[in-house]
Amino acid sequence: MSRLARFAKSPLLHFLVLGVVLFASSEVWQKAETAAPPPGRDSRIVLSRTDVELLEQGFRERWGFPPNAAQRRALLDQAVLDEMLYREARFLSLDLEDGSVQRRLVEKMRWVSDRPGRPESELVREANELGLDDDVVIRRLLGEKMRLLLQRGPGGTRVDDADLQEQLDRGRAELEMPARRSVTQVFLATDVRGDHTLSDARDVLAKLRSGSWTADQAGELSDPFPIGTELRSYSELRLQARFGKPFAEQVFALDRGVWSEPIASPYGVHLVRVEDVQEAGVPPLEQLRPTLTRAVMRERAKENLSRGLSHLQTRYEVEIDGEDSAPGRRTRAGERDEAGSIAARG
Amino acid sequence: MGRGSRRVPRISTFAAMLVVGSALLPRFAAAEPFERTEDRAPCDHFDELRQPFFGETHIHTAYSFDAATMDTRNTTADAYRYAKGNVVGLPPWANTLEQYDREPPPPQTSPLVAEYPYCLPPQRCEFTASRLAQLPEGRALDWAAITDHSEQLGESNICMFPPVKDCTSDDDCPEGQECGSTNAMCVPKGYSSPLCTLARDELTRLNAGAAGFFVSTPENTSENPSRVDYCKVDPNDDLGIRCLEQAEHVWQRIQDDAEEAYDRSSACTFTSFIAYEYTAMMQTGRCENATDLPCWDQLDTGEVSVDCPAGGDALCTTDFPGAGGSSNMHRNIIFRNDDVLPLPISNIEAPVGCGSGESCDRPEPYPIGSPEQMLTDLRAACNDHPADNPRCEALSIPHNPNMSRGAMFLLPESLDEAQVRNEMEPLVEITQVKGSSECRFQASMPGAWGATDEECSFESMNFSELNGAWIASENRNTDNLPPNGYVRNTLKNGIAYEAENGINPFKLGFAGALDTHNGTPGQSEEIDYARHGAHGLQSFAVSYQALNEKFFLGLETNGGGMTAAWAEENSRDSIFEALKRRETYATSGTRPVVRFFGGTDLPPRMCTQGNFAAQGYENGVPMGGTLSEDGGAPRFAVNAMMDPGWPNHPGTKLDKIQIVKGWVDASGDTHEKVYDVAGGPQKTAIRGGSVRLPEVTGPPVNLDTCEPNGVGHASLCTVWQDPDFDPDENAFYYARVLEQPSCRWNQYYCNARGVDCGKKMGVCGSTDSAFNGRGCNANAECGGGVCEPPVSYTAYEYQQCCSGEVPSTVQQRAWTSPIWYEPSSDAEEDS
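As you go down the protein sequences, you meet chains L and G in turn.
Read left to right, the first sequence gives residues 18 to 363 (my numbering).
Read left to right, the second sequence gives residues 279 to 1109 (my numbering).
A few of these clues could be false.
So, partial list: chain G residues that the calculated Cβ filter (under 8 Å) puts toward chain L [to be verified]:
1. D322
2. E326
3. S544
4. C995
5. Q999
Each pair of labels, with its calculated beta carbon distance range [stated by the list, open to error]:
6. G:A892 / L:R189: 52 to 60 Å
7. G:S504 / L:G170: 44 to 52 Å
8. L:R189 / G:P977: 23 to 31 Å
The list that follows gives simulated cross-link-like pairs (lysine-lysine, DSS-like), each with its CA atoms no further than 25 Å apart [claimed, not checked]:
9. G:K443 / G:K510
10. G:K939 / G:K858
11. G:K362 / L:K262
12. L:K162 / G:K467
13. G:K510 / G:K467
14. L:K319 / G:K939
15. L:K162 / G:K443
16. L:K262 / L:K162
Hints in this document: simulated from the structure, not taken from any laboratory.
Since this is a predicted model, take the numbers as computed values, not measurements.
C-beta: ideal position from N, C-alpha, C; glycine also.
Next up, chain L with everything else stripped away, as it sits in the complex (with noise of 0.2 Å):
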């Protein structure tokens, strides 16, 4: 027998090659069991007696009496709501591949475990296997994965400028400029003047109204002001701050381009010419950009989400201790407080 052929029938040899084979399939069922799609949408959800009842005691400790009918409606929906999500997200796979769902599978796994020490991805994988991915936590952080998701909505995050004028026309009273008046006025002071004050005005108005006068000019004959004569796009509020009401009323009433009678402040009097006028209105979208895209996308964060709870809700059905079950829920208080938490939390 040549020296080869006494070697392919050693025992040894035999047990080397099974050993290669075994190790090669095992490694290929391993992958073809990765490999295999994620298990159907499990479809029923339930609340049983049990689940109601911490619910509703949760909540008497926390506000010092029972829940009430429509309070009741909304706890029962919220819970359902945050079995929904979580289910959807596993169904889309959404915790492969998540650090955070990783991390809470490896923290439970070193617990577990006999030996903690292996790498991650086994632990991870072992985890999985055992169920343990099963946990509130990670219930909790797939259902914010899949509210982010439905967050986002089948559209892109693009945001044209007709969608910030429309923002910008819904939001018109929060956004909304005052009322402005650019002004020239001539100060004369009663410290200065004492009873001369009120002549001494007339006759400064004499000159003003019988001439052309620059604002320059016109500033020449002011008694010292330290705001200087000419004051520019104020607000009636903030006329009032410098000079008080009444003289912020009288000269929000006067028409541009005249020189006014004069006008009482705690100072003395003013001599006063509007020379431009702005009125109320919002401002232009480009002053707003920033403002309007963030609220754009907000708003549009919320419709996204309350649009794809309510699709979510077509693929389920819902059973509630004793009650009948039935598709989806007409969950409307819930939808409203989803969105609502959503936005507290934004």
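Got chain L sorted already, so can you dock chain G onto it with the hints?
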């Protein structure tokens, strides 16, 4: 020839263009008076001659630990709403929910930042405000920086967090929270620690104190500060990671609220600044042989102090009048725009050191008891524009030097320290609720603190330290209330240091602020202080503290001050640069408008010509500026207008304008002098000569109604030249504008209770007809009967109201930032 002649016209045209172009250049260079570091519309009201914008630089909300323990529920968002003129609520809070109320269900998610919801009557909710606060019409602030205590942003979020979400296990709660064992609700980890439990417990006893102390001792006043135990995630955690994580959430919320409040449209109605307070304090003693110097090693153990002047065998002792508290080293840090640090630099990260603890071993090269490390770190992390924060800029405003026992403005130990203080601290908070720090005057020892003007007794507090013992009048001297604690003396020390070393470490403009803990920025009027006090539940819910002069938050406090910045427009960049260049003035709470210029070439008739401001900027420098010209004594021009008041509440007329001068002579000694330059009982000249204003006689304010009677000046203007000017001496000048007397808050408070100190406290009720019905001050006067005060006040209130410990009226005032004068040879050395 032809070519040459053709070329000549071209050169001429080119030359003409050059000439025209260079003539235009200065105009283009001047087109942008300040750098714009953010993306926003320029303001419609832009005025290159600048305008006054009134703002707040120091206020605490529910995100400050001590405010939360005083049951303040106003957050930064509420504080901005108040600043803009809306109504907010104040404690105490009443639960007005009915048992089966149809409230919507509570939110199911546990928020990351403590929420402090409340409602205003007649709404019903768990926390209904029993008091309301609102600025009068037309008195909304122009800008505000909200400054919560940076050390405890996280600690507070943990302890004072109101639970909203129920849970069955820790897993039901967000990251960083756990399910509380006593209440089955999600709370931040650390919530159930003994310290936090104590803090919440104190809330119900109206007596904040011990819990805050147990937090502030390790974090704010200890030699080597560290975070409290519940901040640690494991025993090896030196940083207190749990609290830092929580602090990030709160700091983010502070930024978000500031962004919401900031008006970026061209209307520019309001500006918010992102800010925080660096709350450093020292637990110092004082040197036996140099009583104005703090010492901190081995207090009272009989060991000689290494911190006291060499050559002495001096002990470091804590046994002196006014001891028992902490020396204030606080600063307010304000950011220019939204490019801010990821977390504030608090006392824990960059301690001022010098507190209680085993030994004094600060790491080189920073001196003990100095802000140098913090300012250097802040400059490196922010102002130097590192890659992470390319647009960042911050400034620091020290406050309350009057309660620092002289430690706030010790002379720098190195030029580096002088340099960083000069760069990073352009302003000082010269007045706030806890007193005025301008200067000090006592009739019992005039001139002891340098000042001889009686106006320096304005809002003087008799506490050497925060939470220290009240100093009785016989013990008040420069040992216990060191001159370094006052701004005027500090300014003098600053120019003396500059004359010697070439740089002024205390080149301080002035800011005025509140430092209240109600979350109500800008609430600086005395009448409001009488209504609301400053410190939540602790103030005004019970008068025993408000009227107690021996309590450092009691009778001697005042309504607080205000800062006015002269800026081109109401935007962050414009106002921040005004603060940086010190073009600000502080008021003691009211809103007069004041301009101040200095220059050799100021026209002497500036007050009779038009365009006061244009003349000032063209021929001199404004408040906060520096003169270093040759050519004779500079002139100073001041123009002031009284506060116009608001509906039903007229402003108080002006009394006079003074200019305060400080200078250093050739031998290095400093001096000061106060000049009356306008107003006063002497009437200003009336144009035209003959007719004067009618004389107003009688007291300037009616004590019963607190209405002014019209004496005084609505406006004042003057140009003044220093008669004692010496061009070789470093000097500074600032203007002080005084109003006529008006009621102090205690007068409003006591009037509201019907206290009349001219009458006896009560009436005898006695079976003996000889005594029955007689006025009395005590039972002893009623011959066996009882001396009954009326229903509206108590015996204690009468006693304190009539004690004379504080005046019934004060003269509110404005202080402009100084104008410094440097002899020309110095100007080159100054950076």
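Hint check, failures only: 2, 5, 6, 8, 14, 16
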